[in-house]
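Using the sequences provided together with the hints, build the complete structure.
Protein chains in written order, with the working numbering: chain A, 1 to 222; chain Z, 1 to 315; chain D, 1 to 494.
Please keep in mind that the hints were generated in silico from the structure rather than gathered at the bench.
Treat each hint with caution, since some may be false.
To be verified - Here are a few chain A residues that sit away from chain Z, every Cβ distance over 10 Å (derived from the structure):
#1 D57
#2 W82
#3 L97
Stated by the list, open to error - Quick list of in silico lysine to any residue cross-link-like pairs, SDA-like style, CA-CA up to 25 Å:
#4 Z:K285 x A:E94
#5 Z:K285 x A:N36
#6 Z:K285 x A:I35
#7 Z:K53 x Z:Y70
#8 A:K86 x D:L148
Beta carbons: idealized from backbone N, C-alpha and C, even for Gly.
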Amino acid sequence: MGAGQIAYDIAHLIGATVLMAGLQMLYQRRLFAVINTFVFQALALAAAAAWQAHVQDAPHLYVTAGVALVFKAMIVPFALHWLVEKLAIQRTVETALPIGWTMISGVGLVALSILLVLPVTANAAALTRESLALAMSVVLLGLLMMITRRNAVTQVIGFMALENGLILAAVSARGMPLVVEISVAFSVLVAMTLFGIFFFRIRERFDTLDLADLETYRGDRT
Amino acid sequence: MSALLLQLGQILLVLALAPLLTGWVRLVKARVQGRIGPSPFQPYRDLRRLMLKEPLVGDSTSWLFRAAPYVTFSAVWLAACLVPTFAVGLPLAPAADLIALVALLAVARVWTALAGLDSGTAFGGLGASREMLIASLAEPAMLMATFSLSLVSGTTQPERIIAFVLSGGVGIEVSLGLALAALVMVAVAECGRIPIDNPATHLELTMVHEAMLLEYSGRHLALMELAGMVRLTLFLALIGGVFAPWGIAPAEAGPLSLLIGFGAFLAKSFALASALAVFETAIAKMRVFRYADFLGGALLLGLLATIFLYVSEAV
Amino acid sequence: MIDRLPALPAADSPLAWVLALPLASAAVLALWRDGRGAAWANVLSTIATFVAALALLVAPPPPSRLFFVDSFNLYLVVLTAFVGMTTAWFSAAYLARGGEPAKLAPHHLRFYHAMFQAFLFTMLVALTANNTGVMWVAVEAATLTTVLMVSLYRTPEAIEAAWKYFILCSVGIGLALFGTILVYLAAQPVLGDGANAMAWTELMPRAAAFQPDLLNLAFVFVLVGYGTKVGLAPLHAWLPDAHAEGPTPISAVLSGLLLNVALYALLRFKMLISANGATLAPGPLLVLMGLSSLFVSGFMLYRRGDVKRLFAYSSIEHMGVIVFAFGIGGPLANFAALLHMAMHALTKSAVFFAVGLITQTAGTKRIADIRGLTVSHPALGWGLVVAVLTIAGMPPMGVFVSEFLMLGAAFARHPLLAVPLALGLLLAFGALLLRLQSLAFGPPSLAPGGNGPRGVTLLALLPMGLHLVLVLVAGVALPAVLAAWLRGIAEMLG
Numbered sequence: 001m002g003a004g005q006i007a008y009d010i011a012h013l014i015g016a017t018v019l020m021a022g023l024q025m026l027y028q029r030r031l032f033a034v035i036n037t038f039v040f041q042a043l044a045l046a047a048a049a050a051w052q053a054h055v056q057d058a059p060h061l062y063v064t065a066g067v068a069l070v071f072k073a074m075i076v077p078f079a080l081h082w083l084v085e086k087l088a089i090q091r092t093v094e095t096a097l098p099i100g101w102t103m104i105s106g107v108g109l110v111a112l113s114i115l116l117v118l119p120v121t122a123n124a125a126a127l128t129r130e131s132l133a134l135a136m137s138v139v140l141l142g143l144l145m146m147i148t149r150r151n152a153v154t155q156v157i158g159f160m161a162l163e164n165g166l167i168l169a170a171v172s173a174r175g176m177p178l179v180v181e182i183s184v185a186f187s188v189l190v191a192m193t194l195f196g197i198f199f200f201r202i203r204e205r206f207d208t209l210d211l212a213d214l215e216t217y218r219g220d221r222t
Numbered sequence: 001m002s003a004l005l006l007q008l009g010q011i012l013l014v015l016a017l018a019p020l021l022t023g024w025v026r027l028v029k030a031r032v033q034g035r036i037g038p039s040p041f042q043p044y045r046d047l048r049r050l051m052l053k054e055p056l057v058g059d060s061t062s063w064l065f066r067a068a069p070y071v072t073f074s075a076v077w078l079a080a081c082l083v084p085t086f087a088v089g090l091p092l093a094p095a096a097d098l099i100a101l102v103a104l105l106a107v108a109r110v111w112t113a114l115a116g117l118d119s120g121t122a123f124g125g126l127g128a129s130r131e132m133l134i135a136s137l138a139e140p141a142m143l144m145a146t147f148s149l150s151l152v153s154g155t156t157q158p159e160r161i162i163a164f165v166l167s168g169g170v171g172i173e174v175s176l177g178l179a180l181a182a183l184v185m186v187a188v189a190e191c192g193r194i195p196i197d198n199p200a201t202h203l204e205l206t207m208v209h210e211a212m213l214l215e216y217s218g219r220h221l222a223l224m225e226l227a228g229m230v231r232l233t234l235f236l237a238l239i240g241g242v243f244a245p246w247g248i249a250p251a252e253a254g255p256l257s258l259l260i261g262f263g264a265f266l267a268k269s270f271a272l273a274s275a276l277a278v279f280e281t282a283i284a285k286m287r288v289f290r291y292a293d294f295l296g297g298a299l300l301l302g303l304l305a306t307i308f309l310y311v312s313e314a315v
Numbered sequence: 001m002i003d004r005l006p007a008l009p010a011a012d013s014p015l016a017w018v019l020a021l022p023l024a025s026a027a028v029l030a031l032w033r034d035g036r037g038a039a040w041a042n043v044l045s046t047i048a049t050f051v052a053a054l055a056l057l058v059a060p061p062p063p064s065r066l067f068f069v070d071s072f073n074l075y076l077v078v079l080t081a082f083v084g085m086t087t088a089w090f091s092a093a094y095l096a097r098g099g100e101p102a103k104l105a106p107h108h109l110r111f112y113h114a115m116f117q118a119f120l121f122t123m124l125v126a127l128t129a130n131n132t133g134v135m136w137v138a139v140e141a142a143t144l145t146t147v148l149m150v151s152l153y154r155t156p157e158a159i160e161a162a163w164k165y166f167i168l169c170s171v172g173i174g175l176a177l178f179g180t181i182l183v184y185l186a187a188q189p190v191l192g193d194g195a196n197a198m199a200w201t202e203l204m205p206r207a208a209a210f211q212p213d214l215l216n217l218a219f220v221f222v223l224v225g226y227g228t229k230v231g232l233a234p235l236h237a238w239l240p241d242a243h244a245e246g247p248t249p250i251s252a253v254l255s256g257l258l259l260n261v262a263l264y265a266l267l268r269f270k271m272l273i274s275a276n277g278a279t280l281a282p283g284p285l286l287v288l289m290g291l292s293s294l295f296v297s298g299f300m301l302y303r304r305g306d307v308k309r310l311f312a313y314s315s316i317e318h319m320g321v322i323v324f325a326f327g328i329g330g331p332l333a334n335f336a337a338l339l340h341m342a343m344h345a346l347t348k349s350a351v352f353f354a355v356g357l358i359t360q361t362a363g364t365k366r367i368a369d370i371r372g373l374t375v376s377h378p379a380l381g382w383g384l385v386v387a388v389l390t391i392a393g394m395p396p397m398g399v400f401v402s403e404f405l406m407l408g409a410a411f412a413r414h415p416l417l418a419v420p421l422a423l424g425l426l427l428a429f430g431a432l433l434l435r436l437q438s439l440a441f442g443p444p445s446l447a448p449g450g451n452g453p454r455g456v457t458l459l460a461l462l463p464m465g466l467h468l469v470l471v472l473v474a475g476v477a478l479p480a481v482l483a484a485w486l487r488g489i490a491e492m493l494g
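Rendered as structure tokens:
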């Protein structure tokens, strides 16, 4: 067990922390708890990026870590807190599926992604394989969160969690150019601004952020 | 010969240390909450007081009620003896097995619940039913965590697991981290700590363990309380020993290693006890219908630990 | 190796102009005060972009690290620039007529024009990108620029449509990024780290050496991801609402151009997969999704009550047909599908031009409320008739030619598949004809020549006319040069 092994283990531990945060987000029943868990996931993501920067000897990944830290762990949760308070959004999480079943589906998705990714990446480095499996799990968990939550804020957080998984995958792939990463981060920021504007517009139209109410306005009834 | 003495020493140590650890938890909790708090030796005084009192037994109870404290205490004490504390390679070690540990704890729990039912009071039944709910969820979770530990090290004996971890056969393994998280959640549930149960309350809404003990007095109560304290020590020793085994004295060790092992054990136990106290203060007790989520989460963490083991082995 | 090339094309090459012009115009239009002037400045800018695209035809530059031009994306670049130009022209005329859209506040108009140019820019970047990551960013940016425009009118339906569009397409794009990363991982052992493993010019020749399983997994993600943006069923839920709720010029470019760009991305990955012999054949997957889009939209067409939504479903149907043809594969089917991409872009935008003028005149989007257009507004009515017949696949227009070729290719390669294709096309044909009947013929519901805003001017009708003429020419006498060019691209697609 040399230095490579330790690097490998720490990377996986941090990746598993990101995954655990994703599962923890599915478990929460209060909106602020979900936002805080998202902050934790973003911090773990920043740690993962920083560690990869160290292990791969790729300084540009430190920028990615910083971007994840500032955007996702600070600006986005702050904006979400502000929106929740400003729009007086209901603080409990409304679910389309009971939390127990959501957790079980979550673990099922983790198992699925591991089963999918590992045989397929037989030739890649061990570090990349497990990180990729973890990243795919996080992406699928974010997707699950978007599907099983009825409130627009939690859907947005699910989407952010999905992007966290994508960034985890991007930093695990050695040598991926910074162009992609900064652009991904930039898109998140723009997306966040749009989300905020949407919240205001939805609120001013519907007095609620429950998307089940939004459905009654489906123009496609005809 | 000396091994036998050491084993005896461990058996007595666990018993002697238990009240001190509980007292330490209460002290840290009080300090964190801004109070001065009782002396950490207070539980000893409480136990002595209780031992000297005459136990009162209700008319409606049977022999079960009178036998339960002894059975419970013996089971928990025996379980605690199986967990390596400051040294490995002791005579009882080959009989030690994590699954046997789970079984012994189950025995203790079932007897306590039966005693609660036996007294025929409402609180007893309430406590027993809640306790069984927790048990039905916590036991599979603990077994799941045990499975992943065993899969990693290839054995269910705590001593061999410790030897495996010490030998460097495993690095900072993700599965171990997950198993640790699961085990901590289960430990909180088994020891009746916040957020599952509040050991300091006698309110109907919040009692689980205390409800079953409500009818006991005198030496019966002392034995039950001591059993609870030993249970806490057991879990602290287990978690500290398996996941941070450094400092533990190897088999056939000299006095210096033994001293180091003893010191390490004390340090770990007190550190974990302090962490528990802070954790209990920071978190609120959860409502009964959320137990399933919490312990289900522990079970899923254990399951994930096993899944991740498959990952590492495939990789 | 790609690293030795410059990052951007040379400043004097047409490609730089094609990309820089929309970007600069977006910045300028964001600050332009005068609403009417902005509309015509918009038109001028798109004309300049089109000219640059034509220059690109004549003098294609060598590939750079981030951008490259080959016959496939050049074809789409010229098409995009052209349709962008005519749509800008239509948009100016549409806004000049007054009515609902002109009631937008001035800053909304500024925003609208700036976003229009930004949207064109992102599409052109996506088409000419040499880096899979840059292509992905451009497609995501295209989504983002259009999302706010879809909700411009701020009605509850518009907001719902924009939200659905945003969420579903962003999720799709996220999955597509995952697929992109997987492709990078597959290419890494062969091409090394860095931009080299993300450049199309490097990936295509060496695709056979990549690991097949990883490419399979990547393609699944890419298909789901970019397929969402193409509007393939069952991922099409966002499309009818998004295309129906925005201002009509936006509907026209969304239907006509953005779907093509997303399809282009999908096809590039398909080319990558096909070049590697050991991967799963992408054909059956594409055929399946194409047929499901065709049938889902075909049935939905019968029950639509909103005229723009009707044609949005028609877009899903046509994209399904195109994807089906690309799934069939082979030179003839590919040729037909490529031709259909252009025909659909031209015809669908013409349809939307007509529909835009109609809804502006009638003040409503409901089909039941609009009748007898050929009587009340002859030019517009007959224009609509021709446009809808074209999109439904009536000979001798170009759409019929490409659909006919597709049927032929299907019969040649997999006769059994030609049957559902024919059925689906007939299904859609019937629905469109039914709706056209009620819209264009019968006693008129509108006062002749001027219910609502000013009468329909020639200027407003010209773009539609131009598009239909081009489609007619393509159908009757496709220039040999164009045919040869398309055949070359078809070979490339495999």
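The hints, checked one at a time:
1. With a least beta-carbon separation of about 21 Å from chain Z, D57 (chain A) lies farther than 10 Å from that chain, consistent with its non-interface assignment.
2. The beta carbon of W82 (chain A) is kept farther than 10 Å from every beta carbon of chain Z, the shortest such distance being approximately 26 Å.
3. The Cβ of L97 (chain A) lies farther than 10 Å from every Cβ of chain Z, with a closest approach of about 13 Å, so its non-interface assignment holds.
4. About 22 Å separates the Cα atoms of K285 (chain Z) and E94 (chain A), which keeps this hinted pair within 25 Å; it holds.
5. Simply put, K285 (chain Z) and N36 (chain A) have alpha-carbon atoms about 19 Å apart, close enough for the 25 Å limit, and the pair holds.
6. Proposed proximity of K285 (chain Z) and I35 (chain A) is supported: the alpha carbons are some 21 Å apart, at most 25 Å.
7. Restraint check: the Cα-Cα separation between K53 (chain Z) and Y70 (chain Z) comes to about 16 Å, which is no more than 25 Å; the hinted pair holds.
8. Between K86 (chain A) and L148 (chain D) the CA atoms are separated by roughly 22 Å; this keeps the pair inside 25 Å, and the hint holds.
Figure legend: structure checked against the earlier numbered hints; every hint is met.
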